[in-house]
Each structure stands twice: as structure tokens, then as C-alpha cells.
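Number of protein chains: 2
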Amino acid sequence: MNEYPSKTLQEAVEAISSLPGVGARSALRLALHLLRQPKENVRHFAESVAALADDIHYCSVCSMVSDGELCSICSDASRDRSIICVVESVRDVLSIEATGQYRGIYHVLGGIISPIDGVGPSELTIGRLVERVKEVDGKVEVILALSGDVEGETTSFYIYRQIEPYGPKVSTLARGLGFGDDLEYADALTLGRSITNRHPFKP
Amino acid sequence: MNEYPSKTLQEAVEAISSLPGVGARSALRLALHLLRQPKENVRHFAESVAALADDIHYCSVCSMVSDGELCSICSDASRDRSIICVVESVRDVLSIEATGQYRGIYHVLGGIISPIDGVGPSELTIGRLVERVKEVDGKVEVILALSGDVEGETTSFYIYRQIEPYGPKVSTLARGLGFGDDLEYADALTLGRSITNRHPFKP
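These protein sequences, in sequence, are chains L and Y. Quick note: the first sequence uses the working numbering, first residue 1, plus one each step. Quick note: the second sequence uses the working numbering, first residue 204, plus one each step.
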């Protein structure tokens, strides 16, 4: 006998527990929950997930997830095409969009340069970014919005070297204490950088 | 613009966040994880879940989930057909099977009598249980393995009244302190019952 009296149930539990952060017990709980739902709901759930494999495209300009050739940001006429924000992943675009503070366009690298993980520049969309900068004769601002760790800094530096010859303005994210953070609870690195990078007080 | 730049992604996130205990942020994390997987894995995942709607049957004898007409327990010749353990749900069968201590067969009620939730005896498989007892002229032991709350007790009592005329042996689960439990941390009800239901010490 199997661990479960139904192979169908067993396979569903195994599939669900392959998700990150979902253990065998949670997977069983979720599978039994789905079993109790109307069949149409379960089919709709499965189809929505299958669509991630079958219907997702990546924007031919910025590599953001998209339903078609161009993503909704690149095809939005109201976005400012003179600023390209370079990020590691789709998730980063969603995070920046959620702030409502950015009206430019994006470039999704699809990862970060990491020799340990075997990710070199050619695995990323850096070549396409260089093309984008060349296409506008360098008349663009490129914001390097990558993480502040060694790999992020390495990738930022590599990209800077690649695009710099074409003359774009290159900027990076402000780093320092979070708004509302207490000095007491800030990590020493962040607090130290906040002091080093202090700027004039604007009352 | 939508919250997400892709309708496909948005629908997958919405579907995933309909699962119990999965919030919008976790759902996005899981959807983005699936996006990074090979397409075949995502399709396999979706198909395994869809099978919960399309390929799951319920055993015609005990109502356990099954791949066919009879579940793997009812069709297992080595199981003891003289003991029927009555449980509320599929999950309870899995819990008891996991102990490896029970070799009888089951009867899954599909719920518990609960007037507040509008669940009466006719919504459950109690009629089929009575038939099973009649079919063997009452020559069977029925273990009422329902929860110890008011609804569980009510359901146990109702079932007892229905099957008792046919003469089966009716038993229920032992309750008391868990093995390895400290008296100090036991709840008062359990500890009290453990004292009331004390039995001779067998060294």
C-alpha cells in the first residue's frame, strides 16, 4: 500500500509540497481543502497555474513578464522613456511599481552576476540593455537598482563599464536609514554609510 | 493598469491566494517561483491538481478517497473486516493509518452533525454505515473515533442509537493524558478525565 490510499491524492500532495516553504503536512492540508471545493474551482485553479507555463511571455524590450510582445509598462504611452531602471527580477519591478513613485521604464536582468552560481554576464540581458542605450545615442538615464551586496555591486560595476562609453547618465538607489527607523536598531553598516553619505538639511 | 503587468500572472496569484493560509505576498512568491521552473514541471503541477477534480473517486463501501470503485484499504484482503472505525474525514483515516496500529477497515462520515452549520444526519454517510452493520447481522465491532467536543459526542450518540438495534460491539477511543505528557502542562479537563477513567496498573 502507498502512504496514501489514492495515487491521485498522493501525486497532488507531492506536487504541492514541491513548492518552496510548503511541507508535506501543509501540502496534504491544501490538497484536502481542494478536494472539498467544487470541481470547477479546482479546474480553474489548475488552469490559472498552467497558464504560467503556457501563456506567459516576456517583453521583447525590458524582459518583464507580459501577456504579449510588449509589457503593459513599455506599451504605456504615459511612461517616461528617458529613464530606465535596471533590476534583477520581475519581483523588483512589482515592488517599485507598488511605491507609485516611479514613472520611467525598466530593464529586467533576469539574475545577477554570480560566479559561484555559474551566472555570468551572458546569462543576463545586459547585451540587450547596451543596445537600448545605443538606440537612443546614450540620451537616457540608467538607474542601477540592484542589491547592495558584493554580487549586486559587481553587476552594477560591470553594467556601468558596458554602457558608460555611450554617454548615458548613470545613477543608483539612495541607501541609508529607512524612513521612521530608530538609530538604535539600525545595523552598523547602514548607519555608518548614512553618516558618510550625509547631505545638506532641507527644512 | 492592473496591479500586475500581466493578466496571466495576476490570475495565477489570485488563484493561489484563494488557498487557506496563503496570503497575497506568499501567492506572488509562489507564482514567481513557478515562473522560474521548467514549463513541464508547471504543467505537471497543474495536472496533478486538476486530477483532484477529475480523477478522485470515493470508495463505495467506506467513502474514503479512492482511485476506483473500492479504496485500497477496502480492497486489501489482509485487513480485518470485523472492525469498522468510524471517522469524520479522509484526514482522520490518514492519521490513523500513519500510526500503523490499526488493521481493520473504516467508515468516513464526511462531516459531523452540526445544527449550527446546517449539517444533519442525512448529509452524512450514516445510513450506509447502518447498512454495513446490517449486512453482517451485527457481527462487527464499530469504533466511534470522532472528536471529543459536543458535536462529536452528539454524532457518536446518534450513530450508537441507529446501529445498536443490530447488536454490534460499539467502542470508542481511549482518552487521557498523552504518552510522555507532563501533568503540569495537561489541561484540567483531560487531567480530570484521566483520573476518573483510571484503570488497574499492569506492571
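Worth flagging that the hints you see were computed from the coordinates, not collected in a lab. Among the hints, erroneous ones may be present.
[As the list claims (entries may be wrong)] With a straight-line cut-off of 35 Å between C-alpha atoms, the simulated DSBU-like cross-links for lysine-lysine are:
{"#": "1", "chain 1": "L", "residue 1": "Lys39", "chain 2": "Y", "residue 2": "Lys242"}
{"#": "2", "chain 1": "Y", "residue 1": "Lys242", "chain 2": "Y", "residue 2": "Lys210"}
{"#": "3", "chain 1": "L", "residue 1": "Lys7", "chain 2": "Y", "residue 2": "Lys372"}
{"#": "4", "chain 1": "L", "residue 1": "Lys169", "chain 2": "L", "residue 2": "Lys202"}
{"#": "5", "chain 1": "L", "residue 1": "Lys7", "chain 2": "Y", "residue 2": "Lys242"}
{"#": "6", "chain 1": "Y", "residue 1": "Lys210", "chain 2": "L", "residue 2": "Lys134"}
{"#": "7", "chain 1": "L", "residue 1": "Lys139", "chain 2": "L", "residue 2": "Lys202"}
{"#": "8", "chain 1": "L", "residue 1": "Lys169", "chain 2": "L", "residue 2": "Lys134"}
{"#": "9", "chain 1": "Y", "residue 1": "Lys337", "chain 2": "L", "residue 2": "Lys169"}
{"#": "10", "chain 1": "Y", "residue 1": "Lys372", "chain 2": "Y", "residue 2": "Lys405"}
{"#": "11", "chain 1": "Y", "residue 1": "Lys242", "chain 2": "L", "residue 2": "Lys134"}
{"#": "12", "chain 1": "L", "residue 1": "Lys7", "chain 2": "L", "residue 2": "Lys39"}
{"#": "13", "chain 1": "L", "residue 1": "Lys139", "chain 2": "L", "residue 2": "Lys169"}
{"#": "14", "chain 1": "Y", "residue 1": "Lys342", "chain 2": "Y", "residue 2": "Lys242"}
{"#": "15", "chain 1": "Y", "residue 1": "Lys342", "chain 2": "L", "residue 2": "Lys7"}
{"#": "16", "chain 1": "Y", "residue 1": "Lys210", "chain 2": "L", "residue 2": "Lys139"}
{"#": "17", "chain 1": "Y", "residue 1": "Lys337", "chain 2": "Y", "residue 2": "Lys372"}
{"#": "18", "chain 1": "L", "residue 1": "Lys7", "chain 2": "Y", "residue 2": "Lys337"}
{"#": "19", "chain 1": "Y", "residue 1": "Lys342", "chain 2": "Y", "residue 2": "Lys372"}
{"#": "20", "chain 1": "Y", "residue 1": "Lys210", "chain 2": "L", "residue 2": "Lys39"}
{"#": "21", "chain 1": "Y", "residue 1": "Lys405", "chain 2": "L", "residue 2": "Lys7"}
{"#": "22", "chain 1": "L", "residue 1": "Lys39", "chain 2": "Y", "residue 2": "Lys372"}
Comparing the hints with the structure gives:
1. L/Lys39 to Y/Lys242: OK: lysine 39 of chain L and lysine 242 of chain Y at ~24 Å, within 35 Å.
2. Y/Lys242 to Y/Lys210: Status holds; Cα separation ~18 Å.
3. L/Lys7 to Y/Lys372: holds, 33 Å
4. L/Lys169 to L/Lys202: Holds, at about 25 Å.
5. L/Lys7 to Y/Lys242: Holds, because 23 Å separates the two Cα atoms, which is no more than 35 Å.
6. Y/Lys210 to L/Lys134: holds, 32 Å
7. L/Lys139 to L/Lys202: Distance ~30 Å between lysine 139 of chain L and lysine 202 of chain L Cα, so the pair holds.
8. L/Lys169 to L/Lys134: holds, 13 Å
9. Y/Lys337 to L/Lys169: violated, 86 Å
10. Y/Lys372 to Y/Lys405: Roughly 25 Å between the alpha carbons, so the hint for lysine 372 of chain Y and lysine 405 of chain Y holds.
11. Y/Lys242 to L/Lys134: holds, 34 Å
12. L/Lys7 to L/Lys39: holds, 18 Å
13. L/Lys139 to L/Lys169: holds, 8 Å
14. Y/Lys342 to Y/Lys242: The hint is violated at about 55 Å.
15. Y/Lys342 to L/Lys7: Distance ~32 Å between lysine 342 of chain Y and lysine 7 of chain L Cα, so the pair holds.
16. Y/Lys210 to L/Lys139: Roughly 32 Å between the alpha carbons, so the hint for lysine 210 of chain Y and lysine 139 of chain L holds.
17. Y/Lys337 to Y/Lys372: holds, 13 Å
18. L/Lys7 to Y/Lys337: Answer holds: lysine 7 of chain L to lysine 337 of chain Y is near 31 Å, not above 35 Å.
19. Y/Lys342 to Y/Lys372: With a Cα-Cα distance of about 8 Å, the restraint between lysine 342 of chain Y and lysine 372 of chain Y holds, given a limit of 35 Å.
20. Y/Lys210 to L/Lys39: With a Cα-Cα distance of about 23 Å, the restraint between lysine 210 of chain Y and lysine 39 of chain L holds, given a limit of 35 Å.
21. Y/Lys405 to L/Lys7: Violated, because 42 Å separates the two Cα atoms, which is more than 35 Å.
22. L/Lys39 to Y/Lys372: violated, 39 Å
When each numbered hint is compared with the structure, violations occur for hints 9, 14, 21, 22.
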